[in-house]
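Combine both chains into one complex, guided by the hints.
Protein sequence lines correspond, in order, to chains Y and D.
Position 83 (the first sequence) corresponds to 83 in this note's numbering; numbering is contiguous.
Position 40 (the second sequence) corresponds to 1040 in this note's numbering; numbering is contiguous.
Some clues are possibly wrong.
Unchecked claim - Ranges between beta-carbon positions, derived for each pair:
(1) D:Thr1179 x Y:Ser66: 49 to 55 Å
(2) Y:Asp129 x D:Val1227: 45 to 51 Å
(3) D:Ala1276 x Y:His212: 58 to 64 Å
(4) D:Thr1384 x Y:Lys125: 48 to 54 Å
(5) D:Glu1263 x Y:Pro83: 24 to 30 Å
(6) D:Glu1273 x Y:Lys125: 54 to 60 Å
(7) D:Glu1273 x Y:Arg202: 24 to 30 Å
(8) D:Ile1243 x Y:Pro45: 54 to 60 Å
(9) D:Ser1210 x Y:Ala155: 53 to 59 Å
(10) Y:Ala155 x D:Gly1303: 54 to 60 Å
(11) Y:Ala155 x D:Val1165: 44 to 50 Å
(12) Y:His212 x D:Val1032: 44 to 50 Å
(13) D:Ala1185 x Y:Ser66: 34 to 40 Å
What the hints assert, rightly or not - The list that follows gives simulated cross-link-like pairs (lysine-lysine, BS3-like), each with its CA atoms no further than 30 Å apart:
(14) Y:Lys24 x D:Lys1454
(15) D:Lys1359 x Y:Lys100
(16) D:Lys1454 x Y:Lys100
(17) Y:Lys193 x Y:Lys134
(18) D:Lys1454 x D:Lys1269
(19) Y:Lys146 x D:Lys1359
(20) D:Lys1269 x D:Lys1359
(21) D:Lys1152 x D:Lys1269
(22) D:Lys1453 x Y:Lys100
(23) D:Lys1359 x Y:Lys134
(24) D:Lys1454 x Y:Lys146
(25) D:Lys1453 x Y:Lys106
(26) Y:Lys146 x Y:Lys125
(27) Y:Lys251 x Y:Lys193
(28) D:Lys1152 x Y:Lys106
(29) D:Lys1454 x Y:Lys106
(30) D:Lys1359 x Y:Lys125
In case anyone wonders, no lab produced these hints; they're calculated from the structure.
Ideal Cβ placement from N, Cα and C applies to all residues, glycine included.
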Amino acid sequence: MADMQTTTKSKMSARGVNVFYGEKQAIKDVSIDVDVDDVTAFIGPSGCGKSTFLRTLNRMNDTVASARVEGEITLDGENIYAPSMDVVQLRARVGMVFQKPNPFPKSIYENVAYGPRIHGLAASKAELDEIVEKSLRRAGLWEEVKDRLGDSGTALSGGQQQRLCIGRAIAVEPEVILMDEPCSALDPIATAKIEELILDLRGNYAIVIVTHNMQQAARVSQRTAFFHLGRLVEQGPTTEIFTNPREERTKDYITGRYG
Amino acid sequence: MTGVMIVFVVIGLAAIGWIVARARATRLQVEVGRLATNSRPTQHGWYVALWTAIPALVFLAIWANVMPGLIYETVLSETAAQQLPADDFSRGAILSEARAIASGAQNGAFNPLATAFVEPFREATSRYSAVGAVLAAILAVAGGAYAFSRVKPDFTARNRVERVVMWALLLASLIAIVTTAGIVASLLFESIRFFSMVNPIDFLFGLKWSPQSAAMGYGNDDAFGAVPLFWGTIFIGAIIAMIVAIPLGLMSAVYLTQYARPETRKWMKPMLEILAGVPTVVYGYFAALTVAPALRSFAATVGIPGASSESALAAGLVMGIMIIPFVSSMADDSIAAVPQAMRDGSLAMGATASETIRKVLIPAALPGVVGGVLLAVSRAIGETMIVVMAAGLAANLTLNPFASVTTVTTQMVQLLTGDQEFDSAKTLAAFALGLVLFVVTLLLNIVALRVVKKYREAYE
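Bound conformation, chain D alone (with noise of 0.2 Å):
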């Protein structure tokens, strides 16, 4: 309580130092001139807020972080203390306990060790938050007055707050740099783990996976074998949905860049971008509801064997229609980009709008298609919800698209749902399998953008 109490206080010195500071330097610009000062009365305020206020704070967070350690010093150094069993174990449980109680946290005693503690505890803790808040104050009274007494109208207030604004910028921009990192190491780490309980070339090219085997105690030996896996996820997102959304998408592209009237593409474009908006769980009740049942009576009509109720084709057609937009934008966009001169180079020649089409405009634009063709598919692999809703569980390594296959996705989720226990191949073959599809997406994205950007300067 007292600890956010002093964050306020600490906030508004920064503001009364903000409000005094700028008052002042308002009063100096009068006196010396406008142009005779080096910075804005607003910058000189500024100055002596962060001035005020960031010393303080970084004081506080630090202070937050040593007092937990300073309040059990003192309180193991009570006389109580001789009494505590030696192991660090239940003397930790007993001192917890005792901070439970005194913070409020905890009624009763479990262990009447605790009890005596209580006191020391609750001492402790105000006595050394009453330090923190005094010395947090004292340090945004004392880093004002500095700030304040170097208000003068040559000083260079604008550039020094301006470099802190520098580095706030960088601070924000790492934090998603860092944030990755952090992500990528923590995949990393556990596939370690995985690795050293399963060989990555059994992991790799096995054909058998069969994860609940291995829980079951009968192994780690051939029960994770990720191909069935790395072909249904090829089978569903780069080969079945690809089928319907590389022609769907271009055609559209190509209809709305060249045929499409002004009006109907103004409303159209937006209708078919709205499709990458919708919920992937929208799609995958569709996928799950409507497509797959459907699917499953046409192939048991027509007597194809192996037909599912859960099937490679549901999940592949719905992932194409969800993946049209990525398509069909990224086209659009590298048709729209090809130079009017081309169009006007290859009609005037007696070519047919539609020869112009196939024979300068895709060709020209090729390489933009490509780039979004490959963040599609980078975008299809990693899907998770349609996969899980319709495309089943059951590892099948098999060509035949109304079969029931699944994918790294679905297994992942599959493995990591529930309860699990951290130290099993099982629930870790899930970071393992996320560690490939990290790397494979990143390679489809960074050979996307590649082609993209040469694609972009090539007509700049």
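Just chain Y, same shape as in the assembly (with noise of 0.2 Å):
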């Protein structure tokens, strides 16, 4: 893969990553850069492992206990699998967003304020109120929500609790978001909304979305990369990947040949 420089502008990069669950290989020796001022969109037929190799960037892995990774994945040049590595300040630098809106069964305020409160971001309950108000504007959430800040996040609507949760994930002040299949529970107009975020917060943040959907990765990532049975087939800008793709997989895989 020629595409695979180093440049200083990499926030993370894996080099020669498996990944296994117990004695299946889900991952085979991938190595990819993740650019800070760019939407990272890792793409893929069901089962390449696409999702999996993405929980390898924040060690999400580490809660199942039959996974094992193998190789070296690095934060601004420090490897996240070093023994020296705290996975609690890694999450904490590394935010995540989940297939499912998973809100806490708590108000919408404490579910933004739940992360600020535990990393003591805020000494006082007024830069709580302002972290959680800049948060949820952000997330594009401020405005519907500002009214009823103590309502369960629970009782919002699917697109709405989705942007809760990128704005509990913001809050933290993460210089990485992981996106796992944002949009997948989402209606269409959910789905137009949070692509919109995303467009916003490219540049704050590094941002990876895996997602089944190839007109998403094309709307919203600047790189992609499309993975195949456990292997990343090919990567490179998202034009690129999508209007002139070297691999025959890729052209099979996005012209809707298979996946």
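This is the structure in structure tokens:
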């Protein structure tokens, strides 16, 4: 893969990553860079390992007892699987939004305040209020919920819940945001809002999004990586991948021959 | 004897009906083709068997109740009946004696008048038994024949048999409900009798409990103040036991769901649940023989006044241990039911495992935990054996956990064991206490189940 440049812009980079679930190898020798100014999309058919790989980037696979990761993944040049890396710190720097909206069964305010509170980001109630407002504004939810911050987060619509989860992730000021098929449980209108939000957030955070929807990848990302059967088949600028893929398999997939 | 035999005869007839009807239905099915018949041969068999057995058995049940009356009347129509005394009481005594001799339960007659009636009793009994048996047999055969005549390819035997089964199932479920209603009614009636002797206000709010003095004739007025018992019950069951059971149960649930490796959980959870299967009398032993003396000597060493060999603390501690599995298994279920996504969401924010447990999992599981605790409280205040053995009988109104207190259940046991006359306030007080206990545990259970149900709905 000629595209494997290590530029100074790379926020995260992976080199020769293998992931095993027990005996089964889910990810085979993946190397990729995530740039700070870009939205990077992982595409590929179901079961290709794109979500698994995403979860190695903030070590969420640690919660799966049988999972084992080989190779090197760095955040700002620091190996995140090194013994000296604190996984709690890592996850505060690399936030995550899940496939299904998962607000806590607390109020909207408390959902957003959760992260800042545990990380001690606010010295006073006023500061916390400010963080909550700022995060909800960035998540594009403030206008809709500002009069009912005390309502339960689970009472919102699916799309609002997902934006709440994005706001919750933003509130701890992460450097990278990982999104695991954030729109797959949402209707088209809610999806459009999330996509708009991703475009707004671009530049402030390095964003990695896993998606099934190729139009979505084309709309929101600047770089795209195509996974198939646990391997990274091809990566490059999104326009190039979609208009002029080098690999036959990539071409077959994006033209809808399988997937 | 003949009664049991005729029941067997009826069942035998039903079995024959079943076999014959099934055979006929099988033949019909072969003739017209399987798809043209409504019911399977077995269902025709059951239809005939039910028609044979049910009317006959219902008749026998009614007959068994009617027969004694008929026998009495026949015996009284004898000429010898003229000599019987006129008052019902002595007449009844003589007749019962004659009946006992006739059935062989008694050998000689105490009252010579009775001997004259032995033979008539014997005769009448065998006559009416025979009549009943014959009538039952006729009913069985008639019912079976009627049902058999209806065995046709298009006859809906299945639907009819299933309707009978449905009624049988309904009856089965009603028995439990009716029994409960009967228990409540008996509690209620005896309690009403009690409250006609003792003012309910004095009972519910009185501070002095000494039913013995009332029994000895000092009057009922201020002997039945149940507050010391209520306090003892709450002190042991709802306070001391819960101080032990809630933290230990909750912490073991957190360990088992969040930290234990699957292999550890596999043997540890059943071990914990075995605690719930230990007979409470064993806990009582442990409380009375091991814990209570240890606590007393501890209290004596430290110099706590009022320490007794039967203490609220001993009973409460052991009861708390007994209750742990209730709390932990409810808490375990509730925590395990919190979706993994919730846990992942918190961990992905950079929360530590303990922050995730304290701030997300336990709050989310709280209603389930509360429900479990309420069920545990209702179980604890109704618990009897431990407190009978370890809590004592003195109705003290005290805050000292080393002192002896008594509970509602202990006093009920005390009031109802031994010879009792059922018209004294002392005995009836047990029913009033039982009623209070019943109402309180019922309310606790209702609230607990509602809370748990609401919680389940939140994640489904």
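Verification of the supplied hints:
{"no.": "1", "hint": "D:Thr1179 x Y:Ser66: 49 to 55 Å", "verdict": "holds, 52 Å"}
{"no.": "2", "hint": "Y:Asp129 x D:Val1227: 45 to 51 Å", "verdict": "holds, 50 Å"}
{"no.": "3", "hint": "D:Ala1276 x Y:His212: 58 to 64 Å", "verdict": "violated, 48 Å"}
{"no.": "4", "hint": "D:Thr1384 x Y:Lys125: 48 to 54 Å", "verdict": "holds, 52 Å"}
{"no.": "5", "hint": "D:Glu1263 x Y:Pro83: 24 to 30 Å", "verdict": "holds, 26 Å"}
{"no.": "6", "hint": "D:Glu1273 x Y:Lys125: 54 to 60 Å", "verdict": "violated, 45 Å"}
{"no.": "7", "hint": "D:Glu1273 x Y:Arg202: 24 to 30 Å", "verdict": "violated, 54 Å"}
{"no.": "8", "hint": "D:Ile1243 x Y:Pro45: 54 to 60 Å", "verdict": "holds, 57 Å"}
{"no.": "9", "hint": "D:Ser1210 x Y:Ala155: 53 to 59 Å", "verdict": "holds, 57 Å"}
{"no.": "10", "hint": "Y:Ala155 x D:Gly1303: 54 to 60 Å", "verdict": "holds, 58 Å"}
{"no.": "11", "hint": "Y:Ala155 x D:Val1165: 44 to 50 Å", "verdict": "holds, 46 Å"}
{"no.": "12", "hint": "Y:His212 x D:Val1032: 44 to 50 Å", "verdict": "violated, 58 Å"}
{"no.": "13", "hint": "D:Ala1185 x Y:Ser66: 34 to 40 Å", "verdict": "violated, 59 Å"}
{"no.": "14", "hint": "Y:Lys24 x D:Lys1454", "verdict": "violated, 41 Å"}
{"no.": "15", "hint": "D:Lys1359 x Y:Lys100", "verdict": "holds, 21 Å"}
{"no.": "16", "hint": "D:Lys1454 x Y:Lys100", "verdict": "holds, 23 Å"}
{"no.": "17", "hint": "Y:Lys193 x Y:Lys134", "verdict": "holds, 18 Å"}
{"no.": "18", "hint": "D:Lys1454 x D:Lys1269", "verdict": "holds, 26 Å"}
{"no.": "19", "hint": "Y:Lys146 x D:Lys1359", "verdict": "holds, 24 Å"}
{"no.": "20", "hint": "D:Lys1269 x D:Lys1359", "verdict": "holds, 24 Å"}
{"no.": "21", "hint": "D:Lys1152 x D:Lys1269", "verdict": "violated, 58 Å"}
{"no.": "22", "hint": "D:Lys1453 x Y:Lys100", "verdict": "holds, 24 Å"}
{"no.": "23", "hint": "D:Lys1359 x Y:Lys134", "verdict": "holds, 23 Å"}
{"no.": "24", "hint": "D:Lys1454 x Y:Lys146", "verdict": "holds, 28 Å"}
{"no.": "25", "hint": "D:Lys1453 x Y:Lys106", "verdict": "holds, 19 Å"}
{"no.": "26", "hint": "Y:Lys146 x Y:Lys125", "verdict": "holds, 17 Å"}
{"no.": "27", "hint": "Y:Lys251 x Y:Lys193", "verdict": "holds, 29 Å"}
{"no.": "28", "hint": "D:Lys1152 x Y:Lys106", "verdict": "violated, 66 Å"}
{"no.": "29", "hint": "D:Lys1454 x Y:Lys106", "verdict": "holds, 16 Å"}
{"no.": "30", "hint": "D:Lys1359 x Y:Lys125", "verdict": "holds, 18 Å"}
In this structure, the hints that do not hold are numbers 3, 6, 7, 12, 13, 14, 21, 28, in rising order.
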